[in-house]
Structure formats: C-alpha cells, structure tokens
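Hey, can you work out the whole structure from these sequences and the hints?
The residues making up each chain are set out below.
Protein chains: 2
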Amino acid sequence: MKYLKTEFKDLKPYHSQHLTKGIILNANESPYNLPKAILEKFKDLLDNIDFNRYPDTDNTKLLASIAKTYALEVENVCAGVGSDEMLDCIFKVVISKGDKVLVPYPSFTMYKQMGIYYGANVIEIELDDEFRYDINLFIEKIISYNPKLIFLCVPNNPTGGSLSNDEIEKILKLSIGLVVVDEAYGEFDDKTALELIKKYDNLIVLKTFSKAFRLAGIRTGYALSSKENIKMINVVKMPYNLNVLSNEMAVLALDNKELILDNIKEIKNELSRTYKELKALGIEVYDSKANFLWCKLSDKIKSALIENKIYIRDIKFKDEMYSRITIGSKEEMEKLIKVVSSNANC
Amino acid sequence: MKYLKTEFKDLKPYHSQHLTKGIILNANESPYNLPKAILEKFKDLLDNIDFNRYPDTDNTKLLASIAKTYALEVENVCAGVGSDEMLDCIFKVVISKGDKVLVPYPSFTMYKQMGIYYGANVIEIELDDEFRYDINLFIEKIISYNPKLIFLCVPNNPTGGSLSNDEIEKILKLSIGLVVVDEAYGEFDDKTALELIKKYDNLIVLKTFSKAFRLAGIRTGYALSSKENIKMINVVKMPYNLNVLSNEMAVLALDNKELILDNIKEIKNELSRTYKELKALGIEVYDSKANFLWCKLSDKIKSALIENKIYIRDIKFKDEMYSRITIGSKEEMEKLIKVVSSNANC
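Protein chains in written order, with the working numbering: chain A, 1 to 346; chain B, 1 to 346.
Hints in this document: simulated from the structure, not taken from any laboratory.
Everything numeric in this text was worked out from a predicted model, so none of it was measured.
Since copy identity is lost for identical chains, a pair holds within one copy or between any two.
In silico SDA-like links for lysine to any residue, alpha-carbon gap of 20 Å or less:
id, residue 1, residue 2
1, Lys-257, Asp-50
2, Lys-198, Met-1
3, Lys-330, Asn-52
4, Lys-279, Tyr-322
5, Lys-12, Asn-234
6, Lys-97, Thr-6
7, Lys-36, Leu-46
8, Lys-279, Lys-330
9, Lys-198, Tyr-3
10, Lys-191, Asp-134
11, Lys-43, Leu-252
Structure follows, in structure tokens:
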C-alpha cells in the first residue's frame, strides 16, 4: 500500500466474523433482542425526527439522561460511537509518540491496537496463572514505567476476572497518569468504580449500551469522569459524532432500563450453571464476573460446536488457543453443554 | 487540563449551535425532511433488526449498494460516520508528525483541525480574490512543499467554487501524495471527479448522505478510491463503525434515490434566484455550485435576520467576517430576501 505510513505496514485491522444464523456466542452480545414495547415507542418517535438535520453535536438529551442515571452532572459525561470512540479520543488527546501505556494481557485488543495507531509504547501486563489481575505486578510496572495511560477492563474481556475498588484505588493513588476503567461488562458484575470518580481526578470510567443494554446495534458508549477530563475529551470529539437514531434509542433505553436489564439475572444464572457443567466435564474454565467464560476446549469439541452451528470465539494467548464463550439463553447454553459433553474425554 | 498533551493546549473543539426552531440556514442541510413513504419503509425494516447484535463491521450491504450506484466494485468503497470518519482514517493511516498537508483557505475547517490532531504541518492555500480556487498557486505550492496529502473541497465549503476535472487532473499528475476530493456537495454541482479514480491511484473521493440525500441525522459518508487505498483505510477503520440503523437507512436512501434527490433542481433554482436578488440589492455575493452562498452582509442585515429567526453562519476569513447562507425552501428564501432587502442600503 503505497501511501500507508511505514510504521503501519504490518498492522492488521480488527476483524470479526458477522454471523446472522445459528447459536451466536462469539461477540459477548445479549441473546435477547430489544423488548417489542420499546421498539414500538421508538417507531413513534421517528415521526418527529428531522432526518435532514444534523444531530445535536453535544448529545444534550442523552448526556442528561446518563448523568441522571448515575447521579452525576452532565459535565461528567461524554457519549460516542461505542466506547471505542471514547478510547480513540483519549489516545488522541493524551498520547504523543513514544508515551507509555499499560494494558492487561490478555484483554480487549483495541487498547493495544489504538496504542499502535497513536505511536504509543504499549506495555502488556500479564494476568496471573488463573487469569486474574496481578495487582502487585501492575504496581511494580507502574513504578518502573510511570505510564501516561493505564487500562483496566473490569470485568476483563476475554477472561472475566474483576477488580475490587480497593485494588483500583491502589492503582489510582500510585499513577500520575490517567487510569481508564472499562466497565463494558459492569452491569453483570456486582460492583462499579463510579463512586471513585469524585475522589480521583485521574479516573475515567467507560460504559456501553452494547452488552447488558442489548443494543450493540446502535453503537453507543460513554465516558464518565471529572468535568475537566470530559472537557478534555470534548476537545477532539468528532462533531455530530452520534447519529440521531442512536441518540434517541439510547435515551429510550435508559428511560426503560428496568425492563431492558431485567434478564441480567437470567444471564448470571446461565453463567454459573455453564461454568459448573463445564468444570464437571473436566474442562479448563475460569471464574467470570461477566457474560462470558474463558476456557480451553479440545479441537474435537470446537469442531463439534461448529458442526452444530454453535459459534464461540477462539483467542490466542501467547502460543496457546483459548476460547471465549458468550452466555446465551438457557436453551442455547443447554445445546452447547450437550455438544461439549458428547465430545468431552471424561 | 492536567492530562491534555501540551501541543493541544490552545486547541478549540469544533462547535456548532444546535437549532430546532426558526429558519435554519446555518448548516448546509437540505430543507426537506425524508419523504414519508421512505420513513414508513424504514419502520417496517425495524421489525427484522437484531438490536442486540453488532452491525456488520464490513457494512457489506451498504458498500454493495454504493458500489452499484457508481458502477464501481465493493472493494472501491469504505463507509463511515460521516465523511469525518473517513478523514480521520486517512490522517491516521497516512500522516506522521510534521508531514505536510495542503488545504484550501477558507474551506471546511475539519481538514485543518484533523491535521492538528495528527501533528501535521498544515499549509493553507488561499483562494483568489473572487474566492475561486487558484490552481496555479496550488501547483506552485505542491512543487515547493511536496505534501503527503492535499484536500480539495469541490464545490468548496463555505465559498461554493468548483473545479473542473482538467484542473483536478493537473493536481493529481503533479502530486506524489494522496489527493482527497471532498464532494460533500457534489450532487448540487454538474460534475464529479469519480471517473478519475480508475486513472489515478492517488485520488480519494469523499461523498455523504448529509446534504443532497437529506440525511444529516444518520451521519453516514463514504470514500471511493482504488482497492489498495480502500484496503489502507480499512486498516484503521473502527470495528462496527456504522450502527445498524444508519446502515439500513442509507441503503434505503440509495434504493430510492430518484425520489430523495428529486428536489435538487428546486434548490438549484433557489440558489440562482437568491444569488441574483442579493446581487441586485448590492450585496457582495459569490458564484456557487453548492447549496449555499458565500457573501458579506452588514451588521444591520445580520441583526435583522436574527430578529426574524433566520439563522445563517458567520465565518471569519482573515480579519473579516463573511456569511454563508444555506439554500432553504422557496418560502424560506423569500423571507430571507425580504429581510435583507428591507435592511439593505441601496
């Protein structure tokens, strides 16, 4: 590619297979579509939208709704095209070439990918042998590298381990740089780091409508932080970043959040049941506070799943292949367990 | 802002007032909302959308539809959150700190703004005294600077002047860097540079659904170029960049483009009439091939417009204030002309 800058010549784009049929357990989505009642409300809203006009570049209505949800002020919130846009803004506004960025490994691959886009020196901190955060190792690396930016995915994608707020506070206290706590799966966990925003000016919490809110389709996420940090993100936020339809749908989702989040309990039940069943079958599987399980499956099991049109995600960690299974509906998990069980060696 | 990188400390975000009432002539939008028939079709589509699933990260259906529209191949197209996202991708993938970028002045401010985000050395090439492109000056500057990236906004926002394909070819032939021809307003012009894509591997044409397609609300734009350049943009394109609703609406718009683009003629008639009327009133106003007029209005006229809830855009050029008037409906332009005429000095 003639015009590509040389440092990007080996860069591979993030890619994910688009599945529309079968049992889709590869993208950590909710198995449940939007409730019909909300879709009907959305349709009614459409009659009042001026499609020919740009959306409100400040996303005023949505920010007010998010702020109210978390008892924060509008100035503590910025919304964008998924948490991804917030990540991009944070890199853009904070990172210069060569700046050090700490990311967990394995974790959400976009942290590292964006680090490369912005020429950062990305330092990966390995999880421990049980794929839990190794807080002491993080602390050690913060002291030796003094990074400008630290990412904590809580619970961590793809492994599912969480961090207590005491552990997060240790990192916040020690770090002179920004600490981004990505709570994309936070609604499945029994905790949030949000209360720490008022105490630490170096904390940014990211959240999304893509997982528990069942709205991956609208690509809407948001950042919560001090007013000053949000102002900083806004310096580089794209004008009119969030289209009018996603804006309206996200507001509607927050207005009806009890209804939409209603099945989190069901997903957590399935998570726990699937974990136990896999464990009982002798599968190497790890504790998770999210809506997915990190495990190691034999090639035989993986082939059998594909044959049965059950799609999970294979993820390479060092030289080994692991699997991430998104928790689907009861029926979907029963089918998965049946296939695994028929192909397990115990 | 404690964590903001020092080179951004004076950077101001792009901002635009969000208007919902009055005669809105400040954002170059179409005055006409989406036809009701298309909105109804869109509502029907919603029943088949899995909102809980991520959109197709490759925007396959939309790219196929765009490719078909312009008799190109799918691999010649990339779509994103407005042309803005395409601009961001181009900068990200091509520009390293200090690289030279040529932009017209005055022009769409995001070219320069993004240049700053990516640390580019942005060189502004002034339009001539009649606010037309000065091709000889461009050529001179290309020879002396050898820029990595050149922007041509055709027709130019905010001034309205266009470029012939012969003129664009002169620049393409001379430039060893990429040339981005932004045709955001191309549907109002009587030409396009698209035919040059097959001939020049350094040309990227940008188009959008925001102007003539009456869909500023869905934030969807696209890049058309050689397969290799599109592959390059895709290296840094955000995963799942375009939400499912904008995707579906954009496809629907292309399926019904005769109906949607039907009123371009009306807008061009109003452009020509408004130009003549303003000229007759002694207003300094310039030829335009787009859906707006670049002119100079007295403070008295500007105040009178605001008093009458007619909102246009004030734009500073060097030390002088100019105005950009978007062409609205016949009724809107009649009201504008009436106010200008009552407050003109001739």
